[in-house]
Structures are given as structure tokens and as C-alpha cells.
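Between the sequences and the hints, there should be enough to build the whole structure, so can you do that?
Going down the list, the sequences are from chains A and B.
Heads up: take any position in the first sequence, counting from 1, add 14, and you land on this note's numbering.
Heads up: take any position in the second sequence, counting from 1, add 14, and you land on this note's numbering.
Be aware that a few hints might be false.
Identical copies go unnamed one by one, so any copy, or any two together, can satisfy a pair.
Derived DSS-like pairs (lysine-lysine); straight-line CA-CA distance at most 30 angstroms [said to hold, decoys possible]: (1) Lys-254 to Lys-301; (2) Lys-243 to Lys-270; (3) Lys-117 to Lys-254; (4) Lys-289 to Lys-301; (5) Lys-75 to Lys-26; (6) Lys-75 to Lys-145; (7) Lys-208 to Lys-145; (8) Lys-253 to Lys-117.
Bear in mind the hints are in silico, worked out from the structure with no lab data behind them.
Number of protein chains: 2
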Amino acid sequence: MNQTTNPVSVDKLLQDLENHIQGFQYGDSPFELYEPISYIMSLGGKRIRPLLTLMAYALYKDDYESILTPAAAVEVFHNFTLMHDDIMDDAPLRRGKVTVHEKWNANTAILSGDVMLVKAYGMLVDISPEKLPEILRLFNQTAAEVCEGQQHDMNFEQVENVTEEDYIDMIRQKTAVLLGFALQFGALLADAPKEEAQKLYDFGVNIGIGFQLKDDLLDVYADQAKFGKQVGGDIIANKKTFLLIKAKELAQGELKTQLEEWIAKDGFDKQEKVKAVTTIYDQIGIKELAEAKMQEYFKKSFDQYHSLHVPNLSGFKLLLELTQDLVHREK
Amino acid sequence: MNQTTNPVSVDKLLQDLENHIQGFQYGDSPFELYEPISYIMSLGGKRIRPLLTLMAYALYKDDYESILTPAAAVEVFHNFTLMHDDIMDDAPLRRGKVTVHEKWNANTAILSGDVMLVKAYGMLVDISPEKLPEILRLFNQTAAEVCEGQQHDMNFEQVENVTEEDYIDMIRQKTAVLLGFALQFGALLADAPKEEAQKLYDFGVNIGIGFQLKDDLLDVYADQAKFGKQVGGDIIANKKTFLLIKAKELAQGELKTQLEEWIAKDGFDKQEKVKAVTTIYDQIGIKELAEAKMQEYFKKSFDQYHSLHVPNLSGFKLLLELTQDLVHREK
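Below, the structure written as C-alpha cells:
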């Protein structure tokens, strides 16, 4: 590995990316169609996915400015899924702001979302023609899997017994494959060898599964002072996270009865339910189980990361730091 | 022009297309996501758009079997728009069958529609790499315009005065550009010169506008015995068609008052309203105006068609016959 002379910082990448995302012309007429796109793209967020694309590119090449549009396409696609998921989940808020279907209406959120998906494809067409077919194939595969994952997630609400395997497969599709694609995409744009790009995909998928398990854990075990939203939200909503799925699988006798009662209960004090279910989790050792599973995915992903052969050592360290920060986040 | 030795028939094209559409594997898991796609694709319809792609291809080349998948992509895209439009319009029926959001629910129709759009793109990726970027650009442009047209159409419901120009522009985007793209697409796949492909696009757009004006006319003036659905549906719903827009623009004095009263009336006998508004149209000469506008677009389109330089005379005649049949349809 050779240290390059022009190391980039995460802040610089994020700033350039944010400027590009905010300055991009998604369309103007009719205003009613395009305003919700500007709105959702202005709500911020960590921009992890396009940042991963830029950072994967920067492992192999320095001129990341040349791929800001295709990198932003990944964020536009992600926000399209958020706009439609929020309708399906009847969510009132997104990043602390009113969701599109609440601010306008469901029809607007459907149609603006549709055109966002078209625009995401439009942001890919200037990729060099020799790379375009393969990248489109990978993007289509990823986009279909994200939809499949969302359908599995909705199906789970109607199913009594979701297995650990079903759950991991659902989060792999719904959230992890897009992280994998984002990284692979950046590597392919930088002309990295296909095996390298594939390793980055696997790294992204595995770390993505770990991140979702981390989300599940934080929802119950975060420090309320640092967390930013209500601890225990998943417990209140009976959301079938890794923690609840394992608890339902492993609870025996009196604990099993208590857990089932709390799940079935209609009128309840929220704090009381969160405290009671957390106590049940603690008695079964759910936290340790979930942490072990999460660490398993993190270990696998970092082993894959360290098997890469990248020319840009500063880029290698930067992406490692970014992902490790996410591994250790407390909110 | 040279007569080729292997003339195709519309029936043969349609049969091969239908077999391809029904046999295509859109996806299988989760079943809940893909079943609505098989359902809507099995409802039939005239398959005009992919048929136009095949026929435009057949103007220049004989092996239309090689482009069945990309041609079918146009139909998949069209059915995606129908699935989402039906949610937005709260339509109970599509081609005489229950709509997807009624048979399942709105969430299913949103998500299955999303994955249909992704699959339509997936059906384009095997186009030869040197043609792919241009075709994707044209498809993206068309897809965005179709969404823009739908938004304009929804906006019109809230607007008092829609002008003729606004209306023609809306139907151009919502329905005509996809016919134009379907033809241009077939020509480009057959390596036709770009000017030829552009002429076919213009032909398709103009004939598409004519077809929509024909729809508007038939809804009021069709022979009920041949029409298949209720004559006067647009009048009952106060739908802002070319006829109503021109009538509102041109009605004077007593006729104007009568028209405004019928539009504002809440409880009314449907037959009586249809008869009364039709009488108003007749007194202003709306039918003749709409027919003249329609013929203007048909004339423009056939002039463009006859300026083509195609090698396959039998294909030329076939596409001419198909479109003239549509021009003269009575339902």
C-alpha cells in the first residue's frame, strides 16, 4: 500500500456531497411533484450510503469529485424508499420533521417517490458505457431486494413466529444490501478489481446487519440522555426485533407467560411495559445474545475489510474509522 | 422500399408478445410482493405500447423475437403507472377487474408497483451496451414526463380554469410520450437512423394526443351498443376533458349558466345530466371542435409517418393499418 499525497477527510467528503445533493436539479414543473423531493432531501441524515460510495472510490482513486452525482443517486434512492415506507408505516415524523404524506398527502408521496426512483436511475446514466450494464444490474438487484425486504417486514406483522433466520434475512434485504451496493459501486467506479468490489459488498452487507442489530439493542439499552428518541419504542409497539424474536423463542414458564401477557395487553402504562419487558429480556440474557450476534457480524465484516488490497492507505484508515465510529455509536 | 419475404401479422406479434409477458419471471419471493404483478399483467389490454415497439423494430429488421423482453418492459412500466394511478384515483376497477389496491391494499399496490418499475429497468439492461445509455436517457425522460402528466392531471381537479393548451400538454405527458417512446425505442433497437427514430417519436406523440381526444369524444358520443362502458361517464364526474374545457371557454349567456349549474349540482339524475350537458355541447358545436382538433393531430402524425424511409414495406403497411384501426375505433 502507498500513502497518497492527498488524503481526504470525512468532513470534506460530506460537505462536498451535501452541497451536491442540495444543488442538484431534480426537476421543477409541476412544482407539486418536485417540492416534496427537495423537502425530503433537505431533512439531512448522516448520508452514510453515498459517503460509503465516495469512500470506497477513494480507496482506489483520488478524484472523488467526478462521482458525486452517481454517489448522490444512492441517497436519492434511499430517500425514495423512506418516502414510500413512511406511507406504508403511517409514520408521522422522519428525522424529527413531518413526513411527506402528512405534510402533503399520500398521493403526493406516492407520485413524488415514483419520480425520485426515476431520477435516481437518471443520475446513473452518465457512468461510462462500459461499466453501465453491470452497475445497472447490481443496482436493480439491490433495489428489488430492498422492496422484498420491506414486504417481508410488513409480512412479519401478521406472523406469529418469526425465526432468527427469517429476521436476519429480512434486515439483510431491507437495509444491509444497499450499504453493500454503495461500497461495491464506489469500487467499480474507481476501476477496482471485481473481487475487491465483491469483498466491499460483503463487508457492507455484514456491517449493515450488525448496524441493524445495534439499532435493536440501542432501542432498549441506550442511555436515554444520549439517545435522542424514546428508549423502549420497539417494546411499546411489539416490534419484532432480534431481541423480541429471541425472547419469544427462549422464554420458559413464568417468563414466557409474562412476555405473552405484555405483548397481548392493550391498555398499559408505557414506562411500565418497557421496564417489565426489559426485565424479562435481562433474565433470559437477551442483551448478551444480541451483542454476540452483532459482534459476529462486525467481526466477519472487518475480517473482510482487512483482506482488501487497496492502494490508498489514508483512504483505508478513513473508511475503517468511519465504520468503527458507527459500530461504537450510542444513538 | 423493398418488400421482405417474411411479412409478420399483428396477430402473430401479439401472440408472441402475450406469451412472453405471461411467461416472464418477475420474481417469486415474497409471494405477496410478486402476486399482484402477475395479476395486473394477466388482465390483458391491447398491449399497444410493446406492440408499437415490435412494429417499429419490424420496419427495419425481421428478427423481432430478439427484442421481446425490452418491448415487454414498456408494458411493465405502463402497468406500474396504472397500479399507482388506480390508488391515487381510488379506482375500484381496471379492465373490468378489481384493482390491486382493492383486491389487496394500498400498501401492497405501492410496493408491488415500486418493484415493477425496478423490473422494467431490469428488462432493459441486456440491450447492447453501446445503445443502452441513450435508450436509458430517453426512457428516464419519458418516465419522468408520465409522472409529471399525472401530477398535472391531479392538479387540474383543484383548478377552476384549465386552458386548452394546459390540457393538450397534460395528455401529451401523461399518455402520448410513452407511445412516442415505444416507437422510437423499437427503431433504435433496429439500428434505424436517429432522424427516423425521432420522426417515429413525433408520430407517436401526435397520434397519442389524437387518441386521447378520441377517448374524450367517445365518452360522450359513442354508440352505447358498441361502447362497452357507460356513455357520459366524464360528464357525470365533471372530468375536465377537452370537451368540457372548450365548452366552459365558449359557452355564453343562458348556455353558460346552464353548464355551470350542471357542474355545481350535487344530487342529480345521471341520465338527465348526460343528456343536458350533451345538448349544451351540441349547441356550442363542441363535437366538431374536438373532431377538428383530433384530426389536426392525426393529420400531423400521418404526414410524419409518410415521411419515413423504411426498408420493410409490409411492416410499413402493417403499422399504418394498426394505427388507422385505432383512429377509427368505436370503443
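Hint by hint, here is what the structure shows:
1. Lys-254 to Lys-301: within (15 angstroms within a copy, 60 angstroms between copies)
2. Lys-243 to Lys-270: Only inside one copy: Lys-243 and Lys-270 sit 28 angstroms apart there, 59 angstroms across copies, limit 30 angstroms.
3. Lys-117 to Lys-254: both (28 angstroms within a copy, 27 angstroms between copies)
4. Lys-289 to Lys-301: within (14 angstroms within a copy, 72 angstroms between copies)
5. Lys-75 to Lys-26: within (16 angstroms within a copy, 53 angstroms between copies)
6. Lys-75 to Lys-145: For Lys-75 and Lys-145, both the intra-copy (16 angstroms) and inter-copy (28 angstroms) Cα distances are at most 30 angstroms.
7. Lys-208 to Lys-145: For Lys-208 and Lys-145, the Cα distance is within 30 angstroms both inside one copy (12 angstroms) and across copies (24 angstroms).
8. Lys-253 to Lys-117: both (26 angstroms within a copy, 27 angstroms between copies)
Violation of the numbered hints given earlier is absent; every hint is satisfied by the structure.
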